[in-house]
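Given chain A, work out where chain B should sit, using these hints.
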Amino acid sequence: MSGLSFSRRGLLAAASAVGASAALSACGAKTGSGTSSDAAGATADTSGSTVKIGLLNSLSGTMAISEVTVHNALLLAVKEINAAGGVLGKKLKAVSQDGASDWPTFAEKAESLIKEDKVAATFGCWTSASRKAVKPVFEKYKSLLFYPVQYEGLEQSPYIFYIGATTNQQIVPALDYLKKQGLTRLYLVGSDYVFPRTANKIIKAYAKANGMTVVGEDYAPLGSTEFSTIVNEVKGSGADAVFNTLNGDSNVAFFKEYKSAGLTAKSMPVLSVSIAEEEVKSIGTQYLEGQLTAWNYYETTPGAANEKFVKAYQAEYGATKPTSDPMEAAYISVYLWKAMVEKAGSFDVAKVKAAADGITFDAPEGKVTVDGATQHVYKTARIGKIGSDGLITEVWNSGKPIKPDPYLKGYDWASGLS
Amino acid sequence: MTVILNQSFTGISIGAVLLLIALGLTLTFGQMGVINMAHGEFIMAGAYTTYVLQESISSAGVSLLVALPVAFLVAGAMGALLEWLLIRRLYTRPLDTLLVTWGVSLMLQQLARDIFGAPNVQTRAPDILTGNIAVADGISLANSRLFILGLALLSVLALTLVLRFTPLGRRIRAVVQNRDLAEVSGIATGTVDRMTFFIGSGLAGVAGVAITLVGPIGPTTGTNYIVDAFLVVVVGGIGQLKGSVITAFVLGVLQSVLEYSTTVSVAKVIVLVAIVAFLQWRPQGLYTLRTRSLA
Chain A
1 MSGLSFSRRG
11 LLAAASAVGA
21 SAALSACGAK
31 TGSGTSSDAA
41 GATADTSGST
51 VKIGLLNSLS
61 GTMAISEVTV
71 HNALLLAVKE
81 INAAGGVLGK
91 KLKAVSQDGA
101 SDWPTFAEKA
111 ESLIKEDKVA
121 ATFGCWTSAS
131 RKAVKPVFEK
141 YKSLLFYPVQ
151 YEGLEQSPYI
161 FYIGATTNQQ
171 IVPALDYLKK
181 QGLTRLYLVG
191 SDYVFPRTAN
201 KIIKAYAKAN
211 GMTVVGEDYA
221 PLGSTEFSTI
231 VNEVKGSGAD
241 AVFNTLNGDS
251 NVAFFKEYKS
261 AGLTAKSMPV
271 LSVSIAEEEV
281 KSIGTQYLEG
291 QLTAWNYYET
301 TPGAANEKFV
311 KAYQAEYGAT
321 KPTSDPMEAA
331 YISVYLWKAM
341 VEKAGSFDVA
351 KVKAAADGIT
361 FDAPEGKVTV
371 DGATQHVYKT
381 ARIGKIGSDG
391 LITEVWNSGK
401 PIKPDPYLKG
411 YDWASGLS
Chain B
419 MTVILNQSFT
429 GISIGAVLLL
439 IALGLTLTFG
449 QMGVINMAHG
459 EFIMAGAYTT
469 YVLQESISSA
479 GVSLLVALPV
489 AFLVAGAMGA
499 LLEWLLIRRL
509 YTRPLDTLLV
519 TWGVSLMLQQ
529 LARDIFGAPN
539 VQTRAPDILT
549 GNIAVADGIS
559 LANSRLFILG
569 LALLSVLALT
579 LVLRFTPLGR
589 RIRAVVQNRD
599 LAEVSGIATG
609 TVDRMTFFIG
619 SGLAGVAGVA
629 ITLVGPIGPT
639 TGTNYIVDAF
649 LVVVVGGIGQ
659 LKGSVITAFV
669 LGVLQSVLEY
679 STTVSVAKVI
689 VLVAIVAFLQ
699 WRPQGLYTLR
709 TRSLA
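Protein sequence lines, in the order shown, are assigned to chains A and B.
Quick note on the working numbering: the first sequence kicks off at 1 and runs consecutively.
Quick note on the working numbering: the second sequence kicks off at 419 and runs consecutively.
Extracted from the complex, chain A is given alone in its bound form:
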């Protein structure tokens, strides 16, 4: 039995290795390359009859659940564009790389797409951590990334187009909505990483300026599945509503616990910013019925462009597959790039960037316009309610597309945020 103490030591090593890899991925912003100065050799190859574009999503690992759907939406857009004749007479060839839910891998794959495949543009990334990991790569090689997910703002890289919502197109309108409903005492629950922490900083500044009270604030580590204490605290806090910035699997555990504690959408609604149609399916409508979400697009959003998108997506991937906000943003990002290239008459990055301002597209979410100065998109904010069928129906919208303001310069209360 002398093997036992040995086994235990081996186990602790393994446990700490698991812990260490989690810590690494939390802060990993390694760019994956040394100091090679061959940036000039990385220009896009547009000489042939086809043009390559890069799709950079996690097709494996913990983020695959969400990113595979975005990947599918990107492929659909490429297929449609090719069927309609391509871009500037050239067919698109999508090169998929798996970021594997690992941020250094994202950086390596981004570099390989730019250097080896010589792509004209890259579409993808989901978590802010992966975006921050690839940002220096795209800046070094002066290549374009189209990022399809809502995020925490306070960023503006010259080589990234942000097609998802920034905070003033999602979080601020959501707070306006809660205030209008008289839900002024908020409890903040989020995952412990950059997006929820930044979002909650903004929420607290907003609350202070708008006569709302934040009665409690809790963070759970990413992937945490034990929420009994947090739900106890929420229940005892006397809050009117919960503002939920949890991400991934934690939402499942949180909402199961929430219902078990006897809390409902009536007694204390939860407004979530990371739960779209796909996530509703995996959490279970039993636990979510009546709860609120904030996005710019829902599968149920009216309009011919959306009907066409939903029909095309379900024809391609199955009649029961839902469409969601990040998928829609990914889908339109390819079309927006196409419009920029056609306006510029060239695949050249500098020319495409110069042509970006004012590009519009009749998107499933309604008309969107690219803001050249911030490289973000004008988007309509929509608050939705989750129904028993798993679909989300809009209960309020901002009426018109909101001008993107990633640094919240237009809001006095946000002056203290950096």
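No lab work stands behind these hints, which were simulated from the structure alone.
Keep in mind it's a predicted model, so treat the numbers as computed, not measured.
Even for Gly, the Cβ is constructed at its ideal location relative to N, Cα and C.
Among these hints, one or two may not hold up.
[Unchecked claim] For lysine to aspartate or glutamate, the following EDC-like pairs were computed, each having C-alpha atoms within a straight-line distance of at most 16 Å:
| no. | chain 1 | residue 1 | chain 2 | residue 2 |
| --- | --- | --- | --- | --- |
| 1 | A | Lys204 | A | Asp412 |
| 2 | A | Lys235 | B | Asp555 |
| 3 | B | Lys686 | A | Asp176 |
| 4 | A | Lys90 | A | Asp412 |
| 5 | A | Lys400 | A | Asp348 |
| 6 | A | Lys343 | A | Asp357 |
| 7 | A | Lys204 | A | Glu217 |
| 8 | A | Lys281 | B | Glu473 |
[Claimed, not checked] Sample of chain B residues at the chain A side, in silico, Cβ under 10 Å:
| no. | residue |
| --- | --- |
| 9 | Thr420 |
| 10 | Val539 |
| 11 | Glu677 |
[Unchecked claim] Pair by pair, the computed Cβ-Cβ distance ranges are:
| no. | chain 1 | residue 1 | chain 2 | residue 2 | range |
| --- | --- | --- | --- | --- | --- |
| 12 | B | Arg507 | A | Ala83 | 52 to 58 Å |
| 13 | A | Gln181 | B | Ser679 | 39 to 45 Å |
| 14 | B | Ile688 | A | Gly262 | 28 to 34 Å |
| 15 | A | Asp357 | B | Ile688 | 51 to 57 Å |
| 16 | B | Asp514 | A | Thr184 | 42 to 48 Å |
| 17 | B | Arg507 | A | Leu417 | 56 to 62 Å |
| 18 | B | Leu423 | A | Thr393 | 36 to 42 Å |
| 19 | A | Gly318 | B | Leu499 | 29 to 35 Å |
| 20 | B | Leu423 | A | Asp362 | 43 to 49 Å |
| 21 | A | Gly262 | B | Ile422 | 16 to 22 Å |
| 22 | A | Thr393 | B | Ser477 | 49 to 55 Å |
Relative to chain A, chain B alone:
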């Protein structure tokens, strides 16, 4: 007072989940000394069993009850197969076992992804388990947590009875205490090993059914729980059931009290530091098995 009572119950219910996920490991790791990193994937198999059964049995209550024995058999069979295929060849090489079973764990996760898809799947909990019982003003006990607590205690009881009073249990204890002597006394240690693995992995399957009530069901479900499960067994002491039981509840209460007074992340850090400190003081864990083995 309300807070204290609520948090104590929360702690006990966290402890019950910990106990349930660690129970199978007390056998395979605790008794046999095998570091099985794929243990979490047996929990996942139990959770998916619940999902599959619910697809064919419409009543949520019936399918949950049917899932308990079926998940035990499914996960148990997977465990026995793993033991027979790989682990029995590596009994003298614990670090190789760790790497091999970790590889198996990754393969099983990918298999689940191929069969059920990358997104999580949902199960419906029976209505009776989604509510709660109000025992006093402001104090309520969630039914799902009571169910898990009951299931955990029942599993401990059943395992204790099997180990103490059945011929199989006697043989398992004999092999743990002195493998060579057991062998020369005519016990087929290979078969006993396989049965131990079957039961231990089966219990992971049962835990998988229980966690469908409180957590996500997806390809990475197992990885959410595997580290906690090992912690319980290591602190509890190798080869001792009661060590794991006490440890699970102590860690649960400690976690819930600390979470309440600090934050979740800080609580996790303090608990881990406490465990490291404890193991410095008692490297063998809470309880140890005295054996007459010379090795």
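For each hint, the structure was consulted:
no.	hint	verdict
1	Lys204(A) x Asp412(A)	holds (14 Å)
2	Lys235(A) x Asp555(B)	holds (13 Å)
3	Lys686(B) x Asp176(A)	violated (35 Å)
4	Lys90(A) x Asp412(A)	violated (47 Å)
5	Lys400(A) x Asp348(A)	violated (33 Å)
6	Lys343(A) x Asp357(A)	holds (10 Å)
7	Lys204(A) x Glu217(A)	holds (10 Å)
8	Lys281(A) x Glu473(B)	holds (15 Å)
9	Thr420	holds (8 Å)
10	Val539	holds (7 Å)
11	Glu677	holds (4 Å)
12	Arg507(B) x Ala83(A): 52 to 58 Å	holds (55 Å)
13	Gln181(A) x Ser679(B): 39 to 45 Å	violated (33 Å)
14	Ile688(B) x Gly262(A): 28 to 34 Å	holds (30 Å)
15	Asp357(A) x Ile688(B): 51 to 57 Å	holds (52 Å)
16	Asp514(B) x Thr184(A): 42 to 48 Å	violated (60 Å)
17	Arg507(B) x Leu417(A): 56 to 62 Å	holds (59 Å)
18	Leu423(B) x Thr393(A): 36 to 42 Å	holds (40 Å)
19	Gly318(A) x Leu499(B): 29 to 35 Å	holds (33 Å)
20	Leu423(B) x Asp362(A): 43 to 49 Å	violated (58 Å)
21	Gly262(A) x Ile422(B): 16 to 22 Å	holds (20 Å)
22	Thr393(A) x Ser477(B): 49 to 55 Å	violated (29 Å)
In summary, the numbered hints that this structure violates are 3, 4, 5, 13, 16, 20 and 22.
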